[in-house]
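Student: The listed protein sequences derive, respectively, from chains A and B.
One point on numbering: in our numbering, the residue at position 196 of the first sequence is 196, and numbering is uninterrupted.
Take any residue in the second sequence, count from 1 to its spot, add 1000: that is its number in our numbering.
Rather than coming from a laboratory, the hints here were simulated on the basis of the structure.
It is possible that part of the hints are untrue.
[Claimed, not checked] Label pairs and their calculated CB-CB ranges:
1) F1058(B) x I20(A): 17 to 25 Å
2) E1093(B) x L135(A): 53 to 61 Å
3) V66(A) x N1112(B): 53 to 61 Å
[To be verified] Listed below are the simulated DSSO-like cross-link pairs for lysine-lysine, each with C-alpha atoms no more than 27 Å apart in a straight line:
4) K231(A) x K271(A)
5) K271(A) x K1143(B)
6) K1231(B) x K1271(B)
7) K143(A) x K1231(B)
8) K1143(B) x K1042(B)
9) K42(A) x K143(A)
[To be verified] Computed footprint of chain A on chain B; a stretch qualifies when at least three of its residues, placed anywhere within it, have a C-beta under 8 Å from a C-beta of chain A:
10) 1152-1164
11) 1190-1196
The beta carbon of each residue, even a glycine, is placed where N, CA and C say it ideally should be.
There are 2 protein chains.
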Amino acid sequence: MQSVVSLVRKAHSIYIATHIGPDGDVIGSALGLFWALTALGKICTVACADPIPASLAFLPGSEGIVSVPPSGQDLIIVVDTADLDRLGSLYNESAFNSVPVINLDHHITNVNFGSTNIVTPQAAAVGEMVYDLLLRLDVPVDKRIATCLLTAIVTDTIGFRTTSTTPHTLRLAATLTEAGAPLSYIVEQAFESRPLPVLRLWGQVLSSFQINDGVAWASIPNHTLLRYDLKEDEVTGLVNFLRGTQGAQVAVLLMESTNGTIKVEFRSNGKVNVANVAATLGGGGHPAAAGCTMAGPLAEAERRALAEVRRHVHA
Amino acid sequence: MQSVVSLVRKAHSIYIATHIGPDGDVIGSALGLFWALTALGKICTVACADPIPASLAFLPGSEGIVSVPPSGQDLIIVVDTADLDRLGSLYNESAFNSVPVINLDHHITNVNFGSTNIVTPQAAAVGEMVYDLLLRLDVPVDKRIATCLLTAIVTDTIGFRTTSTTPHTLRLAATLTEAGAPLSYIVEQAFESRPLPVLRLWGQVLSSFQINDGVAWASIPNHTLLRYDLKEDEVTGLVNFLRGTQGAQVAVLLMESTNGTIKVEFRSNGKVNVANVAATLGGGGHPAAAGCTMAGPLAEAERRALAEVRRHVHA
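Turn these sequences into a full structure, and let the hints guide you.
Tutor: In structure tokens form, the structure reads like this:
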């Protein structure tokens, strides 16, 4: 971490890059870092190739995130990103080869693509790692920074529910709450506030999903998403519910995009490592929560995904 | 609290009484206390007039909870109970008048029915208060006690999601986790593990609940519960989802029991105090989560409950 501190201290302008399909950890970590580096007098830009989910729009600074990579910065920090493919259109080989690249991540699958790599798989969220960095940089954690980092932690632990949640995670959450981060407001924004059409779609899926031999699954065709005027990235959290069905070791949720590709989410109760399942299908993630994107048609993707899951369930 | 410590030290046999419609806080607190008092050499019995929910059956000692009040104890401790009506058939006037009664609660509506009353409305859960008592009694908090108390805290804060959750709550959770309480297992048991028929019923309700003028509501007739082979006390958590609908300040869920009475649950985003709503209908609870039991028929109970909610929304 000391090398990161000196790179940051030397830099004048810094570009923070985040992964496609952004979630609360990557955006909260990037914005927490943004406010801290700005407080240190750095010129700082956060970029994400994909749109920021509406559930994260409450984060201070989210409106300033750009979708096209900025140029001319003298340091790049990539957060919560296991490999450069996950940067989508942000990745530019010559730009990434011309300045130091700090790779700050907690995915065990991280490929160490940076010139400096800080990969801590035991961190429940990259937000925890950013907090450690800010301590070393001597940046006071104000309400804005605390809100961003607590959002990172709350979202990646699904509200302190994952096995990755440690006593350190809970104590850091207490510290961030004392620094002004509004825990119950964050939970409300990130998890509990859902548009009516999302709940209607949940209703339909919960009424009809299938469960067999320890695997719960559902496939949502694009015409169903269109009927509720939803995009697949607006359907978050549902797969956790399928996993919670008594008797389900693994849940699989497949959603057909408008472009015909299939977004697949996997969740596990811990017995099956779904990061491995997702990896064999070209994706990745954590042992209990992973995902991939598959070619259509939907029925064929469902067949392939379920076959791969069953192979791991019975391994 | 010092008076409680001396009463406990003097007592030989202790009876811990819990409220009807038992939840994780009352049962977790009672069982945490049970294991601690047993470790101090007391003869201890936990009683509850109603059956213990299946989601709490994992708590060590839950199988030993009796439904008929024991006799001959020389101290009664009532936990998490605002008034003696909430003890249901456990309450016996002469028994309660013949020995000291400690009233350990965090409901602001507590009527101080004990001979010693420790009522701390700012405690997120009675589990927090029991932990304080155990510190003063010098009882080491082992894995069993920690599991019971963390379950109390996790359930009453809906997994650290309520506005009652404080930095102290989070640090205590960290301490209990270090003492051996399995946080993610507790969450799984208490919240995430749901029988398939419960999820099917959720599906039906989420597909059809109504929302109007800041109020989301649904009424579940008894024949619907029977169709899924469910009792109304097995449908927990659904009302929180209704409350999470964007635009809903208050949610109301009505469920018709087999005996024709209507169980009503209220949730609020904080603007309306639903404890007041429930109180005008003969119930009680917390500002953001309350309930009552009404006479049927269901449609008439729905009309009255919604009228009362709307009166408070527009007050």
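Student: Each hint needs a verdict: does it hold in this structure or not?
Tutor: Against the structure, the hints come out as follows:
Checked against the given bound of 17 to 25 Å, the beta carbons of F1058(B) and I20(A), roughly 39 Å apart, lie outside it. Judged by the Cβ atoms, the range 53 to 61 Å given for E1093(B) and L135(A) holds: they are separated by roughly 59 Å. At roughly 59 Å, the beta carbons of V66(A) and N1112(B) sit within the given window of 53 to 61 Å. Pair hint K231(A) plus K271(A) does not hold up; C-alpha atoms about 31 Å apart against a cutoff of 27 Å.
Restraint check for K271(A) and K1143(B): satisfied, since their Cα atoms lie roughly 23 Å apart, inside the 27 Å limit. At most 27 Å may separate the alpha-carbon atoms for a hinted pair to count; K1231(B) and K1271(B) exceed this at roughly 31 Å. For the suggested pair K143(A) and K1231(B), the alpha carbons sit about 45 Å apart, so the restraint of at most 27 Å is broken. Taking the CA atoms of K1143(B) and K1042(B), the gap is about 19 Å. The hint holds against a cut of 27 Å.
For the suggested pair K42(A) and K143(A), the alpha carbons sit about 19 Å apart, so the restraint of at most 27 Å is met. For the stretch 1152-1164 of chain B, the stated coverage by chain A is satisfied: 5 residues place a CB nearer than 8 Å to a CB of that chain, which reaches the threshold of 3. Interface restraint, the stretch 1190-1196 of chain B with chain A: holds (6 residues with C-beta to C-beta distance below 8 Å; minimum three).
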